[in-house]
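Number of protein chains: 2
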Amino acid sequence: MPRNHPRPEYAQAIAQGLRAIGETAEATGVTPKMIRHYESIGLMHAADRTFAGYRLYNDNDLHRLRFIKRARTLGFSIKEIEQLLNLWDDRHRASSDVKQLALQHARELEQKIREMQAMRSTLVDLAAHCHGDEFPECPILDDLAGDTPKAK
Amino acid sequence: MPRNHPRPEYAQAIAQGLRAIGETAEATGVTPKMIRHYESIGLMHAADRTFAGYRLYNDNDLHRLRFIKRARTLGFSIKEIEQLLNLWDDRHRASSDVKQLALQHARELEQKIREMQAMRSTLVDLAAHCHGDEFPECPILDDLAGDTPKAK
DNA sequence: GTGAGGCCTTCCATGATGGGAAGGTCAAGC
DNA sequence: GCTTGACCTTCCCATCATGGAAGGCCTCAC
Numbered sequence: 040m041p042r043n044h045p046r047p048e049y050a051q052a053i054a055q056g057l058r059a060i061g062e063t064a065e066a067t068g069v070t071p072k073m074i075r076h077y078e079s080i081g082l083m084h085a086a087d088r089t090f091a092g093y094r095l096y097n098d099n100d101l102h103r104l105r106f107i108k109r110a111r112t113l114g115f116s117i118k119e120i121e122q123l124l125n126l127w128d129d130r131h132r133a134s135s136d137v138k139q140l141a142l143q144h145a146r147e148l149e150q151k152i153r154e155m156q157a158m159r160s161t162l163v164d165l166a167a168h169c170h171g172d173e174f175p176e177c178p179i180l181d182d183l184a185g186d187t188p189k190a191k
Numbered sequence: 040m041p042r043n044h045p046r047p048e049y050a051q052a053i054a055q056g057l058r059a060i061g062e063t064a065e066a067t068g069v070t071p072k073m074i075r076h077y078e079s080i081g082l083m084h085a086a087d088r089t090f091a092g093y094r095l096y097n098d099n100d101l102h103r104l105r106f107i108k109r110a111r112t113l114g115f116s117i118k119e120i121e122q123l124l125n126l127w128d129d130r131h132r133a134s135s136d137v138k139q140l141a142l143q144h145a146r147e148l149e150q151k152i153r154e155m156q157a158m159r160s161t162l163v164d165l166a167a168h169c170h171g172d173e174f175p176e177c178p179i180l181d182d183l184a185g186d187t188p189k190a191k
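Residue numbers (our numbering), protein chains in the order written: chain A, 40 to 191; chain B, 40 to 191.
Errors might be hidden in some of the hints.
[To be verified] One-sided excerpt, in silico: chain B residues whose CB lies under 8 Å from chain A:
1) Pro71
2) Lys72
3) Met73
4) Arg111
5) His131
6) Ser135
7) Leu142
8) Glu149
9) Ile152
[As the list claims (entries may be wrong)] No more than 30 Å apart at the CA atoms, straight line, and that leaves these computed lysine-lysine pairs for DSS-like:
10) Lys151(B) to Lys118(A)
11) Lys118(A) to Lys151(A)
12) Lys108(A) to Lys108(B)
13) Lys118(A) to Lys108(A)
14) Lys118(B) to Lys108(B)
15) Lys151(B) to Lys72(B)
16) Lys108(B) to Lys151(B)
17) Lys118(B) to Lys151(B)
18) Lys72(A) to Lys108(B)
19) Lys108(A) to Lys151(A)
20) Lys151(A) to Lys72(B)
21) Lys151(B) to Lys72(A)
22) Lys151(A) to Lys72(A)
23) Lys72(A) to Lys118(A)
24) Lys72(B) to Lys108(A)
25) Lys72(B) to Lys72(A)
26) Lys151(B) to Lys151(A)
27) Lys108(A) to Lys151(B)
28) Lys118(B) to Lys72(B)
29) Lys72(B) to Lys108(B)
30) Lys72(A) to Lys108(A)
[Stated by the list, open to error] Covered stretches of chain B, as calculated for chain A (at least 3 residues, CB under 8 Å):
31) 95–102
32) 118–128
33) 154–167
Derived from the structure by calculation, the hints contain no laboratory data.
For each residue, glycine too, the CB sits at the ideal point set by N, CA and C.
Could you put together the complete structure from these sequences and hints?
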């Protein structure tokens with residue numbers, strides 16, 4: 040949805056390369072809701088405000104928000120992102136620290152993937168033995184109920 | 040932790056094959072906390088009570104709780120379990136209905152698995168290009184920051 | 001000056017689970 | 001008969017990331 044022309048009230052702010060929260064959201068893919076939330080939990084520092092209390096964001100803020108967005112897309116938790124941001128901010132960081140975080144998260148993903156694969160595989164197996172017709176007999180329910188598969 | 044001898048106060052209840060919530064929890068793997076929760080959301084009907092208000096469970100209840108436990112282990116949501124229980128209770132169900140629920144859930148799992156595999160694979164790739172040493176240079180952070188991999 | 005729409009804050013909800021507090025109940029041992 | 005300790009009860013709060021709704025202010029274009 041096309042945004043209206045820059046509001047004159049913001050002329051100075053815009054001249055300084057600042058944006059309101061809506062434009063910032065569009066530019067970063069982070070909803071205004073979440074931007075405020077990140078501020079409230081300290082992931083983003085408190086934004087500058089206009090006289091009227093509107094939040095204003097500069098290019099650095101956008102960069103940081105895009106960083107957060109990308110990290111969330113990769114499944115990092117807020118806490119992990121906090122660590123990543125600290126490392127990002129630290130010019131003297133050791134890349135080994137970052138790598139460790141990334142690999143740790145990759146291992147956690149792997150673990151969850153395995154669990155879900157086990158679930159899926161069990162379900163597919165059970166479904167394969169279920170006629171899926173109009174009759175009530177159903178190995179899937181039998182399994183859930185803990186019944187031994189009916190010995191004929 | 041070994042439970043003490045059955046409490047005489049429950050002699051009659053026990054003679055009827057009833058158990059208090061703690062024993063029920065041990066027997067089913069569902070915590071007392073969750074048993075009460077399932078009752079509160081209607082997944083379990085309201086349990087019988089002693090004079091003093093203690094909940095009592097019979098073999099049917101245990102069976103139902105084990106059913107729920109197993110379904111949770113397979114990743115079904117509470118809402119899905121509600122449907123499964125309805126089918127379980129319905130002697131005239133069609134196994135096709137059950138099969139459809141199971142396969143639908145399997146597809147959802149597959150979808151999530153794929154997403155997580157994509158995350159993991161990206162992370163592993165990035166980590167593979169990160170020296171992981173004491174220097175700050177780090178392709179993982181570069182990626183999160185949206186920086187084009189540094190062209191030398 | 002009025003209407004549209006962006007922005008503000010605050011509260012509430014999700015889903016499944018756990019923690020903990022404050023208090024009642026029960027069996028057993030002294 | 002009282003204490004002890006295991007068990008039970010209800011009620012409230014927390015998690016994690018996200019969204020919704022209400023009610024009010026701000027800005028802009030007409």
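Evaluated hints:
Interface hint status for Pro71(B): violated, as the beta-carbon distance to the closest one in chain A is roughly 20 Å, over 8 Å. The interface hint given for Lys72(B) is broken, as the beta carbon of that residue sits about 22 Å from the closest beta carbon of chain A, more than 8 Å. Hint status for Met73(B): violated, given a least beta-carbon distance of 17 Å to chain A, over 8 Å. With a cut of 8 Å, the hint placing Arg111(B) at the interface with chain A is violated, because the nearest CB-to-CB distance is about 10 Å.
A least Cβ separation of about 6 Å between His131(B) and chain A falls short of the 8 Å threshold, and the interface hint therefore holds. Residue-level restraint check for Ser135(B) holds (minimum Cβ-Cβ distance to chain A is 4 Å; threshold 8 Å). Against a cut-off of 8 Å between C-beta atoms, the interface hint on Leu142(B) holds, since the closest Cβ of chain A lies about 5 Å away. Interface hint at Glu149(B): satisfied, since its Cβ lies 6 Å from the closest Cβ of chain A, which is below the 8 Å cut-off.
With a least beta-carbon distance of about 5 Å to chain A, the hint placing Ile152(B) at the interface is held under the 8 Å criterion. For a cut-off of 30 Å, the pair hint linking Lys151(B) to Lys118(A) stands: about 22 Å separates their Cα positions. In summary, the hint linking Lys118(A) to Lys151(A) is supported, as the alpha carbons are separated by about 18 Å, within the 30 Å threshold. With a C-alpha separation of about 36 Å, the suggested pair Lys108(A) and Lys108(B) falls outside the 30 Å cut-off, and the hint is violated.
With a C-alpha separation of about 14 Å, the suggested pair Lys118(A) and Lys108(A) falls inside the 30 Å cut-off, and the hint holds. For the hint pairing Lys118(B) with Lys108(B), the CA-to-CA distance comes to about 14 Å; that is within 30 Å, so the pair holds. This hinted pair checks out: Lys151(B) and Lys72(B) have alpha carbons roughly 29 Å apart, not beyond 30 Å. The straight-line distance between the Cα atoms of Lys108(B) and Lys151(B) is roughly 22 Å, inside the 30 Å bound, and the hint therefore holds.
Between the alpha carbons of Lys118(B) and Lys151(B) the distance comes to roughly 18 Å, so the proposed pair stays at or under 30 Å and holds. As the CA atoms of Lys72(A) and Lys108(B) are separated by approximately 36 Å, the hinted pair breaks the 30 Å bound. Between Lys108(A) and Lys151(A) the alpha-carbon distance is near 22 Å, which keeps this suggested pair within the 30 Å criterion. With a C-alpha separation of about 25 Å, the suggested pair Lys151(A) and Lys72(B) falls inside the 30 Å cut-off, and the hint holds.
For a cut-off of 30 Å, the pair hint linking Lys151(B) to Lys72(A) stands: about 25 Å separates their Cα positions. With a C-alpha separation of about 29 Å, the suggested pairing of Lys151(A) with Lys72(A) holds against the 30 Å cut-off. Under the criterion of a C-alpha separation no larger than 30 Å, the hint pairing Lys72(A) with Lys118(A) is consistent with the structure, at around 19 Å. Pair hint Lys72(B) plus Lys108(A) does not hold up; C-alpha atoms about 36 Å apart against a cutoff of 30 Å.
With a C-alpha separation of about 33 Å, the suggested pairing of Lys72(B) with Lys72(A) is violated against the 30 Å cut-off. The straight-line distance between the Cα atoms of Lys151(B) and Lys151(A) is roughly 10 Å, inside the 30 Å bound, and the hint therefore holds. A C-alpha spacing of about 19 Å is found between Lys108(A) and Lys151(B), which places the hinted pair at or below 30 Å, so the restraint holds. Between Lys118(B) and Lys72(B) the alpha-carbon distance is near 19 Å, which keeps this suggested pair within the 30 Å criterion.
Taking the CA atoms of Lys72(B) and Lys108(B), the gap is about 13 Å. The hint holds against a cut of 30 Å. About 13 Å separates the Cα atoms of Lys72(A) and Lys108(A), which keeps this hinted pair within 30 Å; it holds. Counting residues of the region 95–102 of chain B whose C-beta sits closer than 8 Å to any C-beta of chain A gives 1, which falls short of three, so the coverage hint is violated. Counting residues of the region 118–128 of chain B whose beta-carbon sits less than 8 Å from any beta-carbon of chain A gives 3, enough to reach three: the coverage restraint holds.
Only residues whose C-beta sits within less than 8 Å of a C-beta in chain A count toward coverage, and the region 154–167 of chain B has 9 of them, enough to reach three; the restraint holds.
Of the numbered hints listed earlier, those contradicted by the structure are 1, 2, 3, 4, 12, 18, 24, 25 and 31.
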